[in-house]
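Asks: Listed below are the residues making up each chain.
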Amino acid sequence: MEVHAIHCLNKHYYKNEVEQDFRNRHRIFVEEKRWENLRREDGRERDEFDGPDTTHLLLLENGAVIGGLRLTPLDRPNLLLKHFGNLVQRPLPDAIQSGADWTRFYVTERRFQKMGPSSPAGALYCAAMEYAVLQGWTYLTFVSKPAMVEILVSMGWKVTPLGMPRLIEGEMTLAGAIAVDEGALFQARMFNGQRDSLLRDRMVEDAAPQWASERLEVVH
Amino acid sequence: MQFDDDVFDTIERLNAAPDDGEILGLLRQFSLSVGYEHFIVSGLPPRGVNVEPFVLAADWPAEWYERYFSRDYTQFDPVARHCFHTTTPFLWNEAPFEADDAYALQVMNEASDCRLSDGFCVPVHTEDGSQGCVSFGGTEKSLDPNKKLATHLVAMYAHGRLRALRRPYQFSPAELTPREAEVLRWLSHGKTTEDIGELLGISQNTVFFHIKSAGKKLGTLNRVHLVAEALRYNMIAL
Numbered sequence: 002m003e004v005h006a007i008h009c010l011n012k013h014y015y016k017n018e019v020e021q022d023f024r025n026r027h028r029i030f031v032e033e034k035r036w037e038n039l040r041r042e043d044g045r046e047r048d049e050f051d052g053p054d055t056t057h058l059l060l061l062e063n064g065a066v067i068g069g070l071r072l073t074p075l076d077r078p079n080l081l082l083k084h085f086g087n088l089v090q091r092p093l094p095d096a097i098q099s100g101a102d103w104t105r106f107y108v109t110e111r112r113f114q115k116m117g118p119s120s121p122a123g124a125l126y127c128a129a130m131e132y133a134v135l136q137g138w139t140y141l142t143f144v145s146k147p148a149m150v151e152i153l154v155s156m157g158w159k160v161t162p163l164g165m166p167r168l169i170e171g172e173m174t175l176a177g178a179i180a181v182d183e184g185a186l187f188q189a190r191m192f193n194g195q196r197d198s199l200l201r202d203r204m205v206e207d208a209a210p211q212w213a214s215e216r217l218e219v220v221h
Numbered sequence: 013m014q015f016d017d018d019v020f021d022t023i024e025r026l027n028a029a030p031d032d033g034e035i036l037g038l039l040r041q042f043s044l045s046v047g048y049e050h051f052i053v054s055g056l057p058p059r060g061v062n063v064e065p066f067v068l069a070a071d072w073p074a075e076w077y078e079r080y081f082s083r084d085y086t087q088f089d090p091v092a093r094h095c096f097h098t099t100t101p102f103l104w105n106e107a108p109f110e111a112d113d114a115y116a117l118q119v120m121n122e123a124s125d126c127r128l129s130d131g132f133c134v135p136v137h138t139e140d141g142s143q144g145c146v147s148f149g150g151t152e153k154s155l156d157p158n159k160k161l162a163t164h165l166v167a168m169y170a171h172g173r174l175r176a177l178r179r180p181y182q183f184s185p186a187e188l189t190p191r192e193a194e195v196l197r198w199l200s201h202g203k204t205t206e207d208i209g210e211l212l213g214i215s216q217n218t219v220f221f222h223i224k225s226a227g228k229k230l231g232t233l234n235r236v237h238l239v240a241e242a243l244r245y246n247m248i249a250l
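Chains A and B supply the protein sequences, listed in that same order.
Residues in the first sequence are numbered consecutively from 2, following this note's numbering.
Residues in the second sequence are numbered consecutively from 13, following this note's numbering.
What the hints contain is simulated information worked out from the structure, not anything from laboratory work.
Model, not experiment: these values are computed from the prediction.
Any given hint could be a false lead.
Unchecked claim - If you anchor each label on the Cβ, the simulated ranges turn out as follows: (1) 174(A) with 31(B): 27 to 35 angstroms; (2) 10(A) with 189(B): 46 to 54 angstroms; (3) 31(B) with 109(A): 37 to 45 angstroms.
Unchecked claim - Facing chain A, according to a computed beta carbon distance under 10 angstroms, are these residues of chain B, among others: (4) 18; (5) 20; (6) 100; (7) 101; (8) 136; (9) 137; (10) 138; (11) 144; (12) 161; (13) 164; (14) 165; (15) 171; (16) 172; (17) 173.
Stated by the list, open to error - Listed below are the simulated EDC-like cross-link pairs for lysine to aspartate or glutamate, each with C-alpha atoms no more than 16 angstroms apart in a straight line: (18) 146(A) with 139(B); (19) 160(B) with 16(B); (20) 12(A) with 51(A); (21) 83(A) with 49(A); (22) 159(A) with 182(A); (23) 12(A) with 76(A); (24) 229(B) with 187(B); (25) 159(A) with 16(B); (26) 160(B) with 172(A); (27) 159(A) with 24(B); (28) 160(B) with 18(B); (29) 159(A) with 54(A).
Yeah, the Cβ is synthetic: ideal placement off N, Cα and C, and Gly gets one too.
Chain A on its own, in the form it takes in the complex:
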């Protein structure tokens, strides 16, 4: 498994994967989870936050996108502050420039098996935290069910609620902030049995293949 960080600079390397991501999202969020307001005629779920400010982390296995998430800086237009502002009743943990909003997190197949390097969700937790550390963010916000908090906390992450949960379309929903630091990255890697970075970037590998392969051997 590899996680590719796709942003406005390298997205032309990932046309096929981005397309797969939109279709996966439609299948999972609209057809399975029934978020009907996201339904689209063409079966590709995307919105105004899939623009140039957002980084997509896509989990690839044998060429197929099997999971993904989006990170949008909080000082750019973002889903949390635009649509879920009513869930935010407490101050953000740090300056708005220091945070990003984590949205559209999914894996295409839930594998109930022992924790370990084969868990797709685990790979995405590790990659999201690593990418956030590299960006210099100090926290990531999210909107989810309270059950998500249990999973993140059990991984050793520090999660702060941004308000009390509320009932939205029949589901208990909560906004929270995850503290970003190297300790959290270490915890996620240990918990998921991922010793090494999973982050890849085709643009970098294309520009300097030799350097990239050396780097992969040295950096852990």
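We have chain A; now place chain B onto it with these hints.
Replies: Chain B alone, transformed into the frame defined by chain A:
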């Protein structure tokens, strides 16, 4: 709003809690603030597996705890059973059971005798597909909506934090050999060393050897702990 502030303060402290003792203290305080004298945080194995090794933290009346586990009441307890069917927290008196289910009725009645007539239960579904709950009990019949939300949230933090403290501080545990897994599977069904030897056609010494070796890999203290860990990591199927 004072109540909400206290809840966020409790959560902050749960986040930083260094050990089970601290979590137990915070939960006790919170539990009283919503009107319940007692609580339990536990995993819920499927029917037929003893639940006691899955208890993460408890402040239950001693008499009830003893009776509940020695008689294996999770098999019949409508509150525990209902956790498998919902992700929404519920009042104990909302847990459905058949009117002619004498066992369920008995559990509910005996709980009442121990001053646990009512309660509020928060089911937990973890990422690996296993099941748990945080259940608060006492004599409080109802809970206002805001207290329900707060209890739901605090329960998630307490359960998550207790699990975090139990994570082995090492990269993923070593694989079990097929033979070790087989021995543990029989162990989880309550077989003795002698039984397992007979079933697998190997000597008791060899059975001991496999149990010891598996225990070493998982860093466990005894057989109950070993089976609990092997189940937790889905190294043996139920």
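Asks: For each hint, tell me whether it holds in the structure or not.
Replies: Hints versus structure:
1. About 32 angstroms separates the C-beta atoms of residue 174(A) and residue 31(B), a value consistent with the hinted range of 27 to 35 angstroms.
2. Distance hint check: the CB atoms of residue 10(A) and residue 189(B) are about 48 angstroms apart, consistent with the given range 46 to 54 angstroms.
3. Separation of residue 31(B) from residue 109(A) is about 39 angstroms and conforms to the stated range, judged on CB atoms against 37 to 45 angstroms.
4. Annotation: interface hint on residue 18(B) violated; nearest CB of chain A at approximately 12 angstroms, more than 10 angstroms.
5. Because the closest C-beta pair between residue 20(B) and chain A is about 7 angstroms apart, less than 10 angstroms, the hint holds.
6. Interface hint status for residue 100(B): upheld, as the beta-carbon distance to the closest one in chain A is roughly 7 angstroms, under 10 angstroms.
7. With a least beta-carbon distance of about 9 angstroms to chain A, the hint placing residue 101(B) at the interface is held under the 10 angstroms criterion.
8. Because the beta carbon of residue 136(B) sits about 6 angstroms from the nearest beta carbon in chain A, less than 10 angstroms, this interface hint is met.
9. With a least beta-carbon distance of about 6 angstroms to chain A, the hint placing residue 137(B) at the interface is held under the 10 angstroms criterion.
10. For residue 138(B), the suggested interface contact is upheld, since its CB lies about 7 angstroms from the closest CB of chain A, less than 10 angstroms.
11. Taken as an interface hint, residue 144(B) checks out: its beta carbon lies about 9 angstroms from the nearest beta carbon of chain A, inside 10 angstroms.
12. A least Cβ separation of about 5 angstroms between residue 161(B) and chain A falls short of the 10 angstroms threshold, and the interface hint therefore holds.
13. For residue 164(B), the shortest C-beta to C-beta distance to chain A is roughly 6 angstroms, which falls under 10 angstroms, so the interface hint holds.
14. Nearest Cβ of chain A to the Cβ of residue 165(B): about 6 angstroms, under the 10 angstroms cut. The hint holds.
15. For residue 171(B), the interface hint holds, since its Cβ comes within 10 angstroms of a Cβ in chain A; the closest pair sits about 5 angstroms apart.
16. Annotation: residue 172(B) was flagged as interfacial toward chain A, and the flag holds, the nearest CB pair being 3 angstroms apart, inside 10 angstroms.
17. With a least beta-carbon distance of about 6 angstroms to chain A, the hint placing residue 173(B) at the interface is held under the 10 angstroms criterion.
18. Of the supplied pair hints, the one linking residue 146(A) and residue 139(B) holds, its CA atoms being roughly 13 angstroms apart against a limit of 16 angstroms.
19. Taking the CA atoms of residue 160(B) and residue 16(B), the gap is near 12 angstroms; set against the 16 angstroms cutoff, the hint holds.
20. About 12 angstroms separates the Cα atoms of residue 12(A) and residue 51(A), which keeps this hinted pair within 16 angstroms; it holds.
21. A distance of roughly 11 angstroms separates the Cα atoms of residue 83(A) and residue 49(A); the hinted pair therefore holds under the 16 angstroms criterion.
22. Of the supplied pair hints, the one linking residue 159(A) and residue 182(A) holds, its CA atoms being roughly 10 angstroms apart against a limit of 16 angstroms.
23. As the CA atoms of residue 12(A) and residue 76(A) are separated by approximately 22 angstroms, the hinted pair breaks the 16 angstroms bound.
24. Under the criterion of a C-alpha separation no larger than 16 angstroms, the hint pairing residue 229(B) with residue 187(B) is consistent with the structure, at around 8 angstroms.
25. Of the pairs offered as hints, the one joining residue 159(A) and residue 16(B) is violated, with about 19 angstroms between alpha carbons and a cut-off of 16 angstroms exceeded.
26. Note on residue 160(B) and residue 172(A): the hinted pairing holds, with a Cα-Cα distance of about 14 angstroms set against a maximum of 16 angstroms.
27. The suggested pairing of residue 159(A) with residue 24(B) holds, with an alpha-carbon distance near 9 angstroms, which does not exceed 16 angstroms.
28. Between residue 160(B) and residue 18(B) the CA atoms are separated by roughly 15 angstroms; this keeps the pair inside 16 angstroms, and the hint holds.
29. For the hint linking residue 159(A) to residue 54(A), the alpha-carbon distance of about 26 angstroms lies beyond 16 angstroms, and the restraint is violated.
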